[in-house]
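Heads up: the protein sequence lines correspond to chains A and B, in order.
Residues 294 to 559, numbered by our numbering, are exactly what the first sequence covers, in order.
Residues 13 to 201, numbered by our numbering, are exactly what the second sequence covers, in order.
Careful, some of the hints might be misleading.
[What the hints assert, rightly or not] List time: in silico DMTMM-like cross-link candidates among lysine to aspartate or glutamate, alpha-carbon distance up to 20 Å:
1) B/K42 with A/D303
2) B/K47 with B/E156
3) B/K141 with B/E38
4) A/K331 with B/E162
5) B/K30 with A/E313
6) B/K133 with A/D302
7) A/K319 with B/E162
8) B/K42 with A/D310
9) B/K133 with B/E83
10) B/K191 with A/D510
11) B/K161 with A/D302
12) B/K175 with B/E162
13) B/K42 with B/E87
14) B/K133 with A/D329
15) B/K30 with A/E330
16) B/K30 with B/E100
17) A/K334 with B/E156
18) B/K27 with A/D325
19) B/K104 with B/E61
20) B/K133 with A/E313
21) B/K133 with A/D310
22) A/K308 with B/E38
23) B/K191 with A/E315
24) B/K133 with A/D303
25) A/K331 with B/D79
26) B/K76 with A/D329
27) B/K133 with A/E300
28) B/K104 with B/E63
29) B/K35 with B/D23
30) A/K319 with B/D64
31) B/K35 with A/E330
To be clear, the hints were calculated from the coordinates, so they are not data collected in a lab.
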Amino acid sequence: MDMQDREFDDVFRNKLDGFETEPSAKVWMGIDATLDEKGRKKAIMPWLSIAASVIVLVSAGILFIPKKIIPEHANKIVKVRPAQNIARPKQETGIKTPALQTETAVAPVRMKPVVHHAKKIEKIIAPVEQPTQVIAKAVPAKTNDQPVLAALPQKQQQATQPVVPGSETPLTIKPMESNNTPDQQTKPALIALQQPPVNKPTVTVSPKKHGIRNFGDLVNLVVAKVDKRKDKALEFSGDDDDESVIAEVNKGIQKIKKDRTQEDDK
Amino acid sequence: MMFLEHNYTIDELVKRCKAGERKSQELLYKQFASKMMGVCLRYATDRMEAEDMLQNGFIRVFQKLGDFRGEGSFEGWVRRIMVHSSIEYYRKHHKMMQVVEESEMEEQGVNPVAVANLGAKELMLLIQKLSPGYRIVFNLYAIEGYSHKEIAAIVGITEGASKSQLSRARSILREQITKTEGKKYGYAG
C-alpha cells in the first residue's frame with residue numbers, strides 16, 4: 294500500500310499549513326526593543342551630525358587662529374607696561390582727574406584688576422564729566438579690544454604726550470577732589486542725579502565684539518557664525534581674560550542665561 | 013475585510029504601523045504571531061530557534077512595511093517574509109545545506125493510514141528532526157508549494173540539488189513514520 298509522493302506531501306500540507314501556536318512573550322519584547330533602538334538611532338542622527346560639525350569647526354578654529362593671537366599678545370605686553378603706571382593713580386583717586394590723560398591711559402590696559410575698576414569708575418563718571426572727545430573715543434577702545442587698541446594708543450599718545458609725563462601732577466590735585474569723593478560709587482551716583490546722563494549710551498557699549506583671547510571666545514565666534522539669533526545656542530562670557538564661563542545656553546525650548554547687566558553692575 | 017480589536021481593519025492597522033505607531037505594531041504582531049510561529053516551527057529545530065526566526069521576521073515586516081503595496085493578501089506577504097527570514101537564519105548560523113550523498117536509499121512503503129493518523133504535532137516533530145537542508149526544501153516544496161526552480165533561486169542551490177534533497181527528505185520522513193508506527197503497534201512483522 295504505497296503512498297504516492299503527492300499524497301504524502303498533501304498529508305503534511307493539510308495538517309501543518311494551518312498549524313498555530315502562541316509564541317512566548319519575549320518575542321514581542323525583543324521586537325519592541327529592536328524597533329526602539331532603530332528609532333532612537335534615527336532620532337539621534339541629526340543631532341550627531343550637528344555636534345560633529347561643531348567639533349570640526351572648533352578644531353579647525355584652534356588649528357588656524359593661534360597665528361593671529363600671537364601678535365596680539367605681543368602687542369598687549371608692550372602697551373600695557375607704561376599704561377599701567379599711569380592708570381594706577383586713577384584707580385585710587387582719579388575721579389576728577391583730567392579726562393584726557395586717564396582715559397587714554399586706561400585704554401590700552403588689559404590687565405585684569407585695572408580694567409575692572411576702570412570700567413566701573415568710568416561708567417559712573419561719564420555722566421559727571423562733560424563728555425570730552427577723548428572719552429568717547431577711549432571707551433570703545435577699551436571694550437572693543439585689540440584691533441582698535443593697536444591704532445588708538447599711537448594716535449592718542451602723540452596727542453597727549455605732553456600731558457602724560459605730568460601724570461604725577463594729578464595726584465597732588467587729587468586729595469582735594471578725593472576728599473569730596475570718599476566713596477567712588479555713592480558720590481558719582483549723587484552727581485548723576487543732578488546731571489542728566491549725557492554720555493550713557495557710549496558707556497554701555499555691549500561687550501559683544503571681542504578678539505579671540507581664549508577658548509570661550511573661540512566657541513562664541515564659531516557659534517555666532519552658525520547661530521544668528523540674539524540669544525545664541527551657546528555663549529561664553531568673555532569678561533575675564535583667563536577663564537571662560539558659560540554665560541548662556543539656548544536650546545530653543547530651554548534657555549539659561551546669566552544676566553549680563555546685573556553682572557556688570559556688581 | 014478582516015476586523016481586529018478596536019475595529020481596525022488590517023488595512024488601517026498597516027497604515028498606522030507605517031506611521032510607526034507602536035501600539036498598532038503590537039496589534040498587528042498579535043494578529044499574526046501564532047500563525048507565523050506555526051510557519052517558523054516547520055523550519056526550526058525547536059521552539060527557541062522558531063522564536064528567533066519569528067522575531068527577526070517581524071522586525072523585517074515592520075521595516076519593509078512601506079514596500080507592501082496592497083497587492084495580494086497581507087498575510088501571504090508576511091508569510092513570505094517569515095519563510096525568507098527562516099532560511100536567512102540558517103545562512104547566518106552556518107547551518108546551511110549539507111551535501112546530499114547520492115547513495116540510493118531503499119524506498120520504504122508507508123501505510124497511508126499511518127501517516128493520516130499522525131497528528132500535526134507529530135508531523136512537526138518529524139520535520140524538525142530533518143537536517144536543515146532537507147527540511148527547508150521539503151517545506152518549500154511540499155507545504156509552501158514552490159517549484160524546484162523557485163527553490164533553487166531562494167536557497168541558492170541547483171534545481172537538481174533541490175530535487176534530490178526533496179526525495180531524500182521524503183525517504184527519511186517515511187522511515188521515521190514507519191518507526192513510530194512500529195512503536196505504536198508493536199512489530200507486527
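Hints, verified against the model:
1. B/K42 with A/D303: Since the Cα atoms of B/K42 and A/D303 sit roughly 29 Å apart, the hinted pair is violated (cutoff 20 Å).
2. B/K47 with B/E156: holds (14 Å)
3. B/K141 with B/E38: violated (32 Å)
4. A/K331 with B/E162: violated (33 Å)
5. B/K30 with A/E313: violated (26 Å)
6. B/K133 with A/D302: holds (16 Å)
7. A/K319 with B/E162: At roughly 34 Å apart (the allowed maximum being 20 Å), B/E162 and A/K319 break the hint.
8. B/K42 with A/D310: holds (19 Å)
9. B/K133 with B/E83: This hinted pair is violated, its Cα atoms lying about 33 Å apart.
10. B/K191 with A/D510: It is violated: about 85 Å lies between the C-alpha atoms, which goes past 20 Å.
11. B/K161 with A/D302: holds (18 Å)
12. B/K175 with B/E162: holds (12 Å)
13. B/K42 with B/E87: holds (13 Å)
14. B/K133 with A/D329: violated (35 Å)
15. B/K30 with A/E330: Distance of about 17 Å is within 20 Å: holds.
16. B/K30 with B/E100: violated (24 Å)
17. A/K334 with B/E156: Answer violated: A/K334 to B/E156 is near 37 Å, above 20 Å.
18. B/K27 with A/D325: holds (18 Å)
19. B/K104 with B/E61: Measuring from Cα to Cα gives roughly 13 Å; hence the hint holds.
20. B/K133 with A/E313: holds (10 Å)
21. B/K133 with A/D310: holds (12 Å)
22. A/K308 with B/E38: Judged against 20 Å, a Cα distance of about 28 Å means the pair is violated.
23. B/K191 with A/E315: Violated - the C-alpha atoms of A/E315 and B/K191 are around 30 Å apart, more than 20 Å.
24. B/K133 with A/D303: holds (16 Å)
25. A/K331 with B/D79: Holds - the C-alpha atoms of B/D79 and A/K331 are around 18 Å apart, at most 20 Å.
26. B/K76 with A/D329: holds (16 Å)
27. B/K133 with A/E300: holds (19 Å)
28. B/K104 with B/E63: Distance of about 16 Å is within 20 Å: holds.
29. B/K35 with B/D23: This hinted pair holds, its Cα atoms lying about 15 Å apart.
30. A/K319 with B/D64: Between A/K319 and B/D64 the Cα gap is close to 10 Å, so the pair holds against 20 Å.
31. B/K35 with A/E330: holds (16 Å)
The earlier numbered hints that this structure contradicts are 1, 3, 4, 5, 7, 9, 10, 14, 16, 17, 22, 23.
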